[in-house]
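Spelled out from the first residue to the last, the chains are:
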Amino acid sequence: MLLRTLFAAVIAAGAAFALYWWLTAPAVLALPAPSRSPDLANGQELFNAGGCSSCHATPNQPDRLRLGGGLAIGSPFGTFYGPNISPDPADGIGRWSEADFVNAVMRGVSPTGTHYFPAFPYTSYRLASIDDVRDLFAYLKTLPPVSGKVRDHALPFPFNIRRNLGIWKQLFMDTAPFVADAARSPQWNRGAYLVNGFGHCAECHSPRNALGGIIGTQRFAGGPNPEGEGWVPNITQQGIGNWSEKDIADFLETGDMPEGDSASGAMRAVIKNLAQLTAEDRAAMAVYLKSLRPVQGPTPPQRQQGS
Amino acid sequence: MKRTMIVAGTLLLGAGAVMAQQEIAVQQDNLMRSIAKNQYGVLQKMSKGDIPFDKAAADQAIAAIEADVAKIAKIFEINPKQDVVNATYGSSPKVWQNKADFDSKIPPVQKAIADVKGKITDNASLKAAYTSINDRCNDCHETYRVKLK
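Residue numbers (the numbering used here), protein chains in the order written: chain F, 42 to 348; chain V, 12 to 160.
No lab work stands behind these hints: they were computed from the structure.
Some hints here could point you the wrong way.
Claimed, not checked - Some chain V residues close to chain F (C-beta under 10 Å, calculated; not the full set):
1. ALA47
2. LYS48
3. LYS56
4. SER58
5. PHE64
To be verified - Only pairs whose alpha carbons sit at most 25 Å apart, straight line, appear in this in silico BS3-like list of lysine-lysine:
6. F:LYS313 with V:LYS116
7. V:LYS59 with V:LYS48
8. F:LYS313 with V:LYS138
9. F:LYS287 with V:LYS138
10. F:LYS331 with V:LYS59
11. V:LYS59 with F:LYS287
12. F:LYS313 with V:LYS48
13. F:LYS331 with F:LYS313
14. F:LYS287 with V:LYS48
15. V:LYS56 with F:LYS287
16. V:LYS160 with F:LYS287
17. V:LYS56 with F:LYS331
18. V:LYS160 with F:LYS331
What the hints assert, rightly or not - Some chain F residues flagged as far from chain V (calculated, every beta-carbon gap over 12 Å):
19. LEU44
20. SER170
21. GLY280
Because the structure is a prediction, the values reported are computed rather than measured.
All residues carry an ideal CB built from backbone N, CA and C; glycine is no exception.
My request is simple: use the sequences and hints to build the entire structure.
What follows is the structure in structure tokens.
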């Protein structure tokens, strides 16, 4: 009897593990053959739209193109350290294939087939076109290699089990490609592509649930700063309804707000990136952002007691 | 009776301390607002063409900013440990965790101001002045200024 129970338990455990393994398996993209040779100028534009530098540039040095990593990024789940994505062959992505890079950016899967944490916003980058990601890869290869491996993320159990992210992805990550809205202008569609894809604006400007998934109904409606301090504003028309398209485009370039102020905190680094974009791309982002219907976001705490 | 007095006294002192801390936060906020009034209300608006170019007004705004910036280190000496009631922005506790670094961001602002002072002649030089001062403000705001809503 005991033996039989034990046997059943082992079978059940085995089945449960097999199910877990199947559910959490990293899914990669089958990469079609390139349709053209890489466009470095486009790669640079997407590098700036994607804000790669904000998390991957080596901190406390002025060159935003030295992507040695090491920046500490706070979250409710622990501290992440931006990895080295310079073309260094040993410590960066110098030995990566194009397929490795595309799967990292668009699926959050490493070259060795493990899940990346969604602190890396592949949940947005998955909307990118494969050719654009190829251009970005070619552009990154032109940047200076920086040696030095970055330390591991500091995450407590169970968040440090990468395999679990397979389930997180099933719950919170869509893998459908970007679909242009034929009823809208090409400019609006370009803006939608940049804001939702490379720009990954929603990653900070949306509230998240207890498991760190974006609350879809309140997308862009602001929420607590995932890094811990303060509040990320609502960028639907509920929050910036009195900003014109030009106000938004100007803000993306300079950080200057129409109400007579200037962006602060993490948005400063974002502005540094967006200031490098073409005026057309900033204008397209502004047209799209201006079209976001007003959504009430969560309410910021009335009064914060500092420490 | 004695006990009642002690309790009442303690409560009053406590309330006083809370008031004082709020008072400190308000002072800090007011200083920043005073700078913003000139930096954004005058220089930024003029540089965008929202208000007409006026050399005297620009010079006056820059002089006022210079005077206010000189007060930052002192006014931010004490951590009020609370934000101004209903404020949109506040100070990060990091200001007082790294006060030396916070203070080290001030001389570059003063240098930027000194570099442009008296050199504003037209809209182009005004815009350049606004940007060069604002960039140095941002070097600090990037780390130490927190949006609260």
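We went through each hint and held it up to the structure:
The interface hint given for V:ALA47 holds, since its Cβ lies 6 Å from the closest Cβ of chain F, which is under the 10 Å cut-off. The beta carbon of V:LYS48 is positioned within 10 Å of a beta carbon in chain F (closest approach about 8 Å), and the interface hint is therefore held. Because the beta carbon of V:LYS56 sits about 7 Å from the nearest beta carbon in chain F, less than 10 Å, this interface hint is met. Checking V:SER58 against chain F: minimum C-beta separation of about 9 Å stays under 10 Å; hint holds.
Interface hint at V:PHE64: violated, since its Cβ lies 17 Å from the closest Cβ of chain F, which is beyond the 10 Å cut-off. Simply put, F:LYS313 and V:LYS116 have alpha-carbon atoms about 18 Å apart, close enough for the 25 Å limit, and the pair holds. Simply put, V:LYS59 and V:LYS48 have alpha-carbon atoms about 15 Å apart, close enough for the 25 Å limit, and the pair holds. Pair hint F:LYS313 plus V:LYS138 holds up; C-alpha atoms about 18 Å apart against a cutoff of 25 Å.
Pair hint F:LYS287 plus V:LYS138 holds up; C-alpha atoms about 18 Å apart against a cutoff of 25 Å. Annotation: proposed proximity of F:LYS331 to V:LYS59 holds, straight-line Cα distance about 21 Å (limit 25 Å). Distance hint between V:LYS59 and F:LYS287 is fulfilled; the C-alpha atoms sit about 12 Å from each other, no more than 25 Å. Only pairs whose Cα atoms come within 25 Å are accepted, and F:LYS313 paired with V:LYS48 is accepted, the gap being roughly 24 Å.
Taking the CA atoms of F:LYS331 and F:LYS313, the gap is about 21 Å. The hint holds against a cut of 25 Å. Restraint check for F:LYS287 and V:LYS48: the C-alpha separation of about 22 Å stays at or below 25 Å, so the hint holds. Taking the CA atoms of V:LYS56 and F:LYS287, the gap is about 15 Å. The hint holds against a cut of 25 Å. In summary, the hint linking V:LYS160 to F:LYS287 is supported, as the alpha carbons are separated by about 23 Å, within the 25 Å threshold.
Between the alpha carbons of V:LYS56 and F:LYS331 the distance comes to roughly 22 Å, so the proposed pair stays at or under 25 Å and holds. Restraint check: the Cα-Cα separation between V:LYS160 and F:LYS331 comes to about 20 Å, which is no more than 25 Å; the hinted pair holds. The beta carbon of F:LEU44 sits about 61 Å from the closest Cβ of chain V, which is more than 12 Å, so the claim that it is off the interface holds. Every Cβ of chain V is farther than 12 Å from the Cβ of F:SER170; the closest lies at roughly 32 Å, confirming the non-interface assignment.
Taking the minimum C-beta to C-beta distance to chain V, about 10 Å, the non-interface status of F:GLY280 is violated against the 12 Å cut.
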